[in-house]
Amino acid sequence: MTALPAHWLDKDRRELRLKESAASDRIYELLTTACALVVPALVVSIAVAIFAAAWPAFAKLGLSIVTSSNWDVAGGHFGAAPAVFGTLVSSAVALVIATPLAIGVAIFLSEFSPVWLRQPVGFLVDLLAAIPSVVYGLWGIFVLIPLLREHVMPFLRDTLHLGATPFFSGPAYGPSMLAAGVILAIMALPYISAVSREVLMAVPRSQREAALALGATRWEMIRDAVIPYARSGIIGGIMLGLGRALGETMAVTMLIGNRPEISASLLAPGYTMASLIANEFSEATNDLHLSALMAVGAVLFIITLIVNAVARWLVWSVARSRAQ
Amino acid sequence: MRALKLAALMLLAVACAKEDANNSGTASSTASSHGSVDLTGAGATFPYPLYSKWFSEYAGSTGVKINYQSIGSGGGIRQLSEGTVDFGASDSPMSDEEMSKAKGGPILHIPTVLGAVVITYNVPRLSVPINLTAKTIADIFSGRITKWSDTRITSLNPVLTLPNTDILVVHRSDGSGTTYIFTDYLSTAVPAWATSVGKGKEVKWPVGLGAKGNEGVAGQVKQTPGAIGYVELAYAKQNSLATAAITNKAGKTILASVPSVTAAAAAAAKALPANTDYRISIVNAPGADSYPISSFTWILVYQHQTDAAKGRKLIDFLNWALTEGEAEAPPLDYAPLPSAMAASVKARLTTIDLAASK
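Residue numbers (the numbering used here), protein chains in the order written: chain A, 10 to 333; chain B, 17 to 374.
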């Protein structure tokens, strides 16, 4: 008997599958396809709407929207550089504070914590993500800002003499880039720690046992065997936290001092793109003003896209370097 | 026997159905006069507490339901221009450019009540309110005066011992009618302010921190010794904030209150031409009893109403608001219009024309 050509077999199989598939299968397939198409369509339509609304401002003002520091609505000047700066700096401050804390929490929970403590501590950390941001803002105004103004800022500036550097100089009023960074750190922390904890727990036992068998101490095992294995996942978690920090609006608006000026000092007030839009959109009637706010939104959109792209590239390159 | 039962059942069913029909008939007729929304409006948040009281009382006495979204003056102007609401509301008058863009033709500005802006501050251990002039306020808010002990402040306050501490300026960060009134006052009373900062719902502040909303400014001022800021009179009174006395145009030092704000409107109204469109600023008003930082808030309506039934309801409501409604204002810390002015505004309502319904 001669063997059937391979593509015949293939054809048979396809027909068989078609016959077996009931109408319900078709419906199911159509439904899931629709779901998969609707979401990207939504992203594209949001992008199109924002850029279309922002176009008049870009056409009239060009790149000065992101390069100029003069935001003067009455005078018709729309330079949002301080807001771009504030968004990036407050998010960076947040990551500098949140990353070590969150990874520390994750390592403790996955490696050191007694089993009975793991659940409640993990739950409480995750709960941070469930607090509404306006509540963070209120807590910031009534607890965090007085604490920063009375104790932390004078300590940093005077006791540690960091006031000699431009980064901690000047008067400490409370609402500041530092206050916004701290609140963003608290808000980003649960995202970073939850992801890090999961990837650390997913590191195979054999990885740990191999390190211990080679005579590593517990700390050496974590540092050399566990963390490198989980690195790409942890970076993914950090980027998730960064995404949270970049877009956060309410809590930051309440704590940053809303001053459109670029200042090196973290004790000085600043501004972010999200709070600029939230502050001015509801009362904006002038067309160019509205369009300029949309343009700021478009820039924020682009920055978050870039962050996501960088995150994917980082995760991918770390995964590849481990594979080699 | 069985047939009889069936017939009885059918009769019953018919009777019930008829009953239902009657019920639903009455229900739908009530809905058209009481249940559904008759007028929709959108705009300013500042007069919202008073407006919502007006709307509920008006619905109670006449059955006309009014739905109002307090989305801010800018949103109110936009929605009225697009024709998506029956009336708008704003804390600052529309510019000629904005008026020309309205799709429904000419817009009337109907002043409803008055609001005022007060200066609040945090200087411990003061026995009486601080006195300030327009020039001093402008110097403080532009960063030329930086200490409470500056002679330009102490000379106005000989009875007070003011500390040698830094002044922290707190202003609104969100676009707001409050900021408009405050900067309008400084622009009118201090020429240097008009050329340097100007007026608007948001301006480029030379110094200070921005806080969101009246509550944000008040909270920041309360927490920071040496701080100074500006908030709505109603908000300041309800929260018992320390407020400054301001020297008015007549040279008298005066505290903000419902009567002193109404007095400012009365004094300003005297100078109005008969054909005014009420797009007027009353800051720095003449008159010994006038509080200088006050302003109208307006309801905006189209002069040509395309739906006669709705237009009728709107005119009736505005007439009610300018008569019975005004009496509701003082308990909520809004200043009512002077009575002569309320009468001339009502006369202006008669210029609204109701086109025949299509």
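By construction, these hints were calculated from the structure, which means they are not laboratory data.
Glycine residues also receive a C-beta, built at the ideal position from the N, C-alpha and C atoms.
Incorrect hints may appear among the rest.
Reference listing, derived: stretches of chain A covered by chain B, where coverage requires no fewer than 3 residues with Cβ under 8 Å from a Cβ of chain B [stated by the list, open to error]:
1. 103-117
2. 126-133
3. 162-175
Over 12 Å on every C-beta distance to chain B, these chain A residues come out as not near it, computed from the model [claimed, not checked]:
4. L40
5. A45
6. P49
7. G84
8. L137
9. E207
10. V235
11. L249
12. A293
Okay, derived cross-link-like pairs now, DMTMM-like style, lysine to aspartate or glutamate, Cα gap no bigger than 20 Å in a straight line [unchecked claim]:
13. K119/B / D81/A
14. K220/B / D81/A
15. K238/B / E159/A
16. K220/B / D296/A
17. K220/B / E270/A
Verification of the supplied hints:
Coverage of a stretch by a chain is defined here by at least three residues with a beta carbon nearer than 8 Å to that chain's beta carbons; for the segment 103-117 of chain A and chain B the count is 0, and the condition is violated. Only when three residues or more bring their CB closer than 8 Å to a CB of chain B does the claim for the segment 126-133 of chain A stand; here the count is 0, and the claim is violated. Figure legend: the segment 162-175 of chain A, annotated as covered by chain B; annotation inconsistent (0 residues with Cβ-Cβ distances under 8 Å, at least 3 required). L40/A, annotated as away from the interface, keeps every beta carbon of chain B farther than 12 Å; the closest lies near 35 Å.
No Cβ of chain B comes within 12 Å of the Cβ of A45/A; the nearest lies about 35 Å off, and the non-interface call holds. No beta-carbon of chain B is positioned within 12 Å of the beta-carbon of P49/A; the least distance is around 31 Å. Taking the minimum C-beta to C-beta distance to chain B, about 7 Å, the non-interface status of G84/A is violated against the 12 Å cut. Non-interface status of L137/A relative to chain B is upheld: no Cβ of that chain comes within 12 Å, the nearest being about 23 Å off.
Listed as outside the interface, E207/A is consistent with that label: its C-beta sits roughly 37 Å from the nearest C-beta of chain B, beyond the 12 Å cut-off. The Cβ of V235/A sits about 44 Å from the closest Cβ of chain B, beyond the 12 Å cut-off, so the non-interface label holds. Against chain B, the non-interface label of L249/A holds: every CB pair exceeds 12 Å, the least being about 27 Å. Separation of A293/A from chain B is inadequate, the least Cβ-Cβ distance of about 5 Å not exceeding the 12 Å criterion.
Restraint check for K119/B and D81/A: the C-alpha separation of about 29 Å exceeds 20 Å, so the hint is violated. Distance check on the hinted pair: K220/B and D81/A sit about 5 Å apart at the alpha-carbon level, within 20 Å; holds. The suggested pairing of K238/B with E159/A holds, with an alpha-carbon distance near 15 Å, which does not exceed 20 Å. For the hint pairing K220/B with D296/A, the CA-to-CA distance comes to about 19 Å; that is within 20 Å, so the pair holds.
At most 20 Å may separate the alpha-carbon atoms for a hinted pair to count; K220/B and E270/A meet this at roughly 11 Å.
Hint compliance for this structure: hints 1, 2, 3, 7, 12, 13 are not met, and every other hint is.
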